[in-house]
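Taken in sequence, the protein lines are chains A and B. Each residue of the first sequence is one higher than the one before, starting from 3 at the first, in our numbering. Each residue of the second sequence is one higher than the one before, starting from 34 at the first, in our numbering.
Derived by calculation from the structure, the hints in this document are not laboratory data. Backbone N, C-alpha and C fix where the C-beta goes; we use that ideal spot for every residue, glycine too. Mixed in with the good hints there might be a few duds.
To be verified - Stretch-level coverage of chain A by chain B, calculated; a stretch enters the list once three of its residues show a Cβ under 8 Å from a Cβ in chain B:
1. 124-137
2. 220-226
To be verified - Chain B is faced by these chain A residues, among others (derived, beta-carbon under 8 Å):
3. LEU46
4. TYR250
5. ILE254
Stated by the list, open to error - Computed list of lysine-lysine pairs in DSSO-like fashion (alpha-carbon distance at most 30 Å, straight line):
6. A:LYS33 - A:LYS6
7. A:LYS30 - B:LYS60
8. B:LYS196 - A:LYS33
9. A:LYS30 - A:LYS6
10. A:LYS33 - A:LYS10
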Amino acid sequence: MYEKDGEKYFVVDGHVHYWNAGPDNRNKYGKMFIDCFYGYHSSLSPEEYLWDEEKFAEYSEETMMHDLFEIGYVDKAIFQPTYLLDFFPDGFNTTAQDAVLAEKYPDRFILNSSFEPRLGEQGLAAFEEKHKRYGFKGVKLYTAEWHEDSKGWKLHDYWSRRYLEKCQELGVTNIHVHKGPTIRPLNRDAFDVADVDHVASEFTDLNFIVEHVGLPRLEDFCWIAVQEPNVYGGLAVAMPFIYSRPRYFAQIIGELLYWLDEDRILFASDYAIWQPKWLVEMFVDFQIPDDMQGEYGTLTSDIKRKILGLNAARLYDIEVPSEVPQEEPVMSGGESGYPENPL
Amino acid sequence: MITEASVLDALSGVRDPELDEPITEMKFISSLQVSGDAVDVTLRLPTPFCAPNFAYLMAHDARAALLSVPGIREARVTLEDHHTAEEINAGMASGFGFENTFSSFEESGGDSLEELRTIFRRKAFVSRQEKLCRMLLADDCHSPEELAGMRLGEVPRSEAKEKYLSRRGELGLDVSEEAPFVVDPDGRQVPEEAVVKHLRFARVTRLSIEANAGFCRGVLAARYEGSPGIIEKEATL
Chain A
3 MYEKDGEKYF VVDGHVHYWN AGPDNRNKYG KMFIDCFYGY HSSLSPEEYL
53 WDEEKFAEYS EETMMHDLFE IGYVDKAIFQ PTYLLDFFPD GFNTTAQDAV
103 LAEKYPDRFI LNSSFEPRLG EQGLAAFEEK HKRYGFKGVK LYTAEWHEDS
153 KGWKLHDYWS RRYLEKCQEL GVTNIHVHKG PTIRPLNRDA FDVADVDHVA
203 SEFTDLNFIV EHVGLPRLED FCWIAVQEPN VYGGLAVAMP FIYSRPRYFA
253 QIIGELLYWL DEDRILFASD YAIWQPKWLV EMFVDFQIPD DMQGEYGTLT
303 SDIKRKILGL NAARLYDIEV PSEVPQEEPV MSGGESGYPE NPL
Chain B
34 MITEASVLDA LSGVRDPELD EPITEMKFIS SLQVSGDAVD VTLRLPTPFC
84 APNFAYLMAH DARAALLSVP GIREARVTLE DHHTAEEINA GMASGFGFEN
134 TFSSFEESGG DSLEELRTIF RRKAFVSRQE KLCRMLLADD CHSPEELAGM
184 RLGEVPRSEA KEKYLSRRGE LGLDVSEEAP FVVDPDGRQV PEEAVVKHLR
234 FARVTRLSIE ANAGFCRGVL AARYEGSPGI IEKEATL
């Protein structure tokens, strides 16, 4: 819980990792991958929150608990596993790795899982088993992930739809979709969010949360979200702009509020790339700059409360303490996009 | 004699297709060496996992730009610190096309690289149009509806207009003075009643490209801190 100027904010961090990218668990691509993350970390964090590369590759349970819950104001954090088994022999952060902490601190973590459609029928049974074991309500999908000789897949592929049907059946209602960073996409574009559009209109009782709001294809994401009321935007990667590029951050939030609405935007740190403490503090203090308010309006405490925690609480049935004011959702969507087709 | 300045000038015409900025300005040139009629250029990118398709396009375009400089007979372009550096460098050295460069990769084939380039040219066009319109709306007190009725010849000269016309020309659209100013990427005039919505979507397209470019600049600086690269040169476009 975060409190500032008499306002209370319930905080759900919608995207956290407990990864292992140490030297014993990575090949040369794994090394490049963690270097890439380190580049994001070091270019967009305030200096006092910078880690060295060694700590960044492999951090302890104590560090994570401290950063999120002791000093980071987070009430609940959602684990979004990322397997990347072709880069990290034991996985980058798998459901099983995350479960160790989730089971030790059940009041703190929400454990999501994942599925791999390229495993076909056999994988489907294993997915169901995994659900029986962990009982998750969400999955994180990484469509650019390599698997054997395939370098990626689409959400509307036949096998992916079979898994989504299984999600419906099991009550796994929150489908987090991670687009990029690209893993060797060649002439096709792995950032492409068009497949979200297909499945969102087919599976209307599932929620599709597009991580990092489709960046760097914000316009494609907005084009889809304005039409599909069950499409949400996760703020991982967009959040840290608040520090180094606040005017871009203002525009991104402004556009999201315009194309979506205040009920479909979810706060996330993408820990350990960035830490929730400074993100939460800066977000609560943040306002759209004066000269942009004509275009974008302003951010009220109620809007911030929704983004910081209430929206995710609704998707995950998290009980919110009664001392935190809860505004009714406005929920939009189902409007026609413009232009008729995305660029 | 071939000067470094003339080489940089040629390279400043090469853009990152995704970011719509010159590779010189993005600090993607890490070294440049002229010896006699040969030139060696090394490219670097913000991360080892930057998309290989765009990396290939930039290396390819850089090589073509170098060979267009009078007097240059040999141009070598090398990409460093990238997970497909080996393939791209071999492809550049032997003049392979994109397909052959990545022939060992399963996912090559299918859509052509030109198709990808076109998608980003369309985005760049829309983004430059919005930037110019924004300027006209703010400085010259035009209304959006007035913009919808304007012809290209009525738009005052500016750097933003030059860039807009160049992106418009790249899409093969009419750039004559009589042509309507606000058109979609297929060249169709945007009707007066749709212009506000059109610009609203164009704005998020522009924001996406600019925010992405800012992100890439930051990550590149973090990666090569203390290594300034070749000083950027203003684009000639």
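*Those earlier numbered hints the structure runs against, lowest number first*: 1, 6, 8, 9, 10
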